[in-house]
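Take a look at the letters that make up each chain.
Protein chains: 2
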Amino acid sequence: MVPENSQLERENHVGIILVTHADYGSALLRAAELIVGPISDCVSIHVDATLEVNDTVSRLNEAAELLNSGYGVLVLTDMFGGTPTNLSLALLRNNKKLDVITGVNLPMLLRVLSKRTVPLAELSELALKAGHEGIIAAGGVLKNKIDEK
Amino acid sequence: MVPENSQLERENHVGIILVTHADYGSALLRAAELIVGPISDCVSIHVDATLEVNDTVSRLNEAAELLNSGYGVLVLTDMFGGTPTNLSLALLRNNKKLDVITGVNLPMLLRVLSKRTVPLAELSELALKAGHEGIIAAGGVLKNKIDEK
Numbered sequence: 001m002v003p004e005n006s007q008l009e010r011e012n013h014v015g016i017i018l019v020t021h022a023d024y025g026s027a028l029l030r031a032a033e034l035i036v037g038p039i040s041d042c043v044s045i046h047v048d049a050t051l052e053v054n055d056t057v058s059r060l061n062e063a064a065e066l067l068n069s070g071y072g073v074l075v076l077t078d079m080f081g082g083t084p085t086n087l088s089l090a091l092l093r094n095n096k097k098l099d100v101i102t103g104v105n106l107p108m109l110l111r112v113l114s115k116r117t118v119p120l121a122e123l124s125e126l127a128l129k130a131g132h133e134g135i136i137a138a139g140g141v142l143k144n145k146i147d148e149k
Numbered sequence: 150m151v152p153e154n155s156q157l158e159r160e161n162h163v164g165i166i167l168v169t170h171a172d173y174g175s176a177l178l179r180a181a182e183l184i185v186g187p188i189s190d191c192v193s194i195h196v197d198a199t200l201e202v203n204d205t206v207s208r209l210n211e212a213a214e215l216l217n218s219g220y221g222v223l224v225l226t227d228m229f230g231g232t233p234t235n236l237s238l239a240l241l242r243n244n245k246k247l248d249v250i251t252g253v254n255l256p257m258l259l260r261v262l263s264k265r266t267v268p269l270a271e272l273s274e275l276a277l278k279a280g281h282e283g284i285i286a287a288g289g290v291l292k293n294k295i296d297e298k
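Protein chains in written order, with my numbering: chain A, 1 to 149; chain B, 150 to 298.
Just so you know, not all the hints are guaranteed correct.
Unchecked claim - Calculated Cβ distances over 12 Å to all of chain B for the following chain A residues: (1) PRO38; (2) ASN61; (3) HIS132.
To be verified - Examples of chain B residues toward chain A, derived with CB under 8 Å: (4) VAL249; (5) LEU255; (6) PRO256; (7) GLY280.
The hints are simulated quantities; they were obtained by calculation from the structure and are not laboratory data.
Glycine included, every Cβ here is placed at the ideal spot set by N, Cα and C.
Excised from the complex, chain A in its bound form:
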């Protein structure tokens, strides 16, 4: 299915924006690039408390517009209730094809990057699932406790 406003010269995939405190988003992106190689149509925006809120919202809106090739944009933020998430939610006013998911971690980002040609709602579900499934007691006291149950 090709969306009505698809621009055929662009990639047929969902745009990704990481919105975080400090440079957490760009470092996460670098970690992902170490694993999967160069990543396109994915930007990281850090919310700088010294900038005016309107300036940040403008940057976010510009990024959302730039990255939406008709397939929508998925915004991954660091934590619910934080300024990066709150400002990202402001994007929903102008962008119907946009999702915001909080609590980004590396498994979530990697899944999103590997599946971004699926429709936005489906991609968001995959993101949630991968984020949750990636949180594991991998060893030690807690794992032994769980294994004993």
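Following the hints, put chain B in place on chain A, whose structure we already have.
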């Protein structure tokens, strides 16, 4: 309860080590510091593929020893199956009071930092819970879909 090997001049809390690809761990720590202020007894170690595995394991072991004031150490890694996690699991051989949890995100780290005087097993459970609870469809297509259900 004071552990047998407690060093009274040190903090009575669990040590935290972030082990990740690239500088993701240190950026996550900086994001947390922006929110909660300076953080003690918490280090970030990035796993550099150009270093010998043994060198990295030595660095991890030294950090675990340094940060364990008798209350144990919680290792938060980026993803299950990745080299940072695999090398962290090697620490379990020498450290009985050590937990490894994968898929670290900001809500998990913040919860751990705010609760690190509880026993290690309990802290690990809190970490898992906070990591999961922090992953939320905050707005957009998916949230509307969930709200409709």
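To see whether the hints hold, each was checked on the structure:
no. : hint   : in the structure
1   : PRO38  : holds, 14 Å
2   : ASN61  : holds, 15 Å
3   : HIS132 : violated, 6 Å
4   : VAL249 : holds, 4 Å
5   : LEU255 : holds, 4 Å
6   : PRO256 : holds, 5 Å
7   : GLY280 : holds, 4 Å
Hint check: a violation occurs at hint 3 only; the rest are consistent with the structure.
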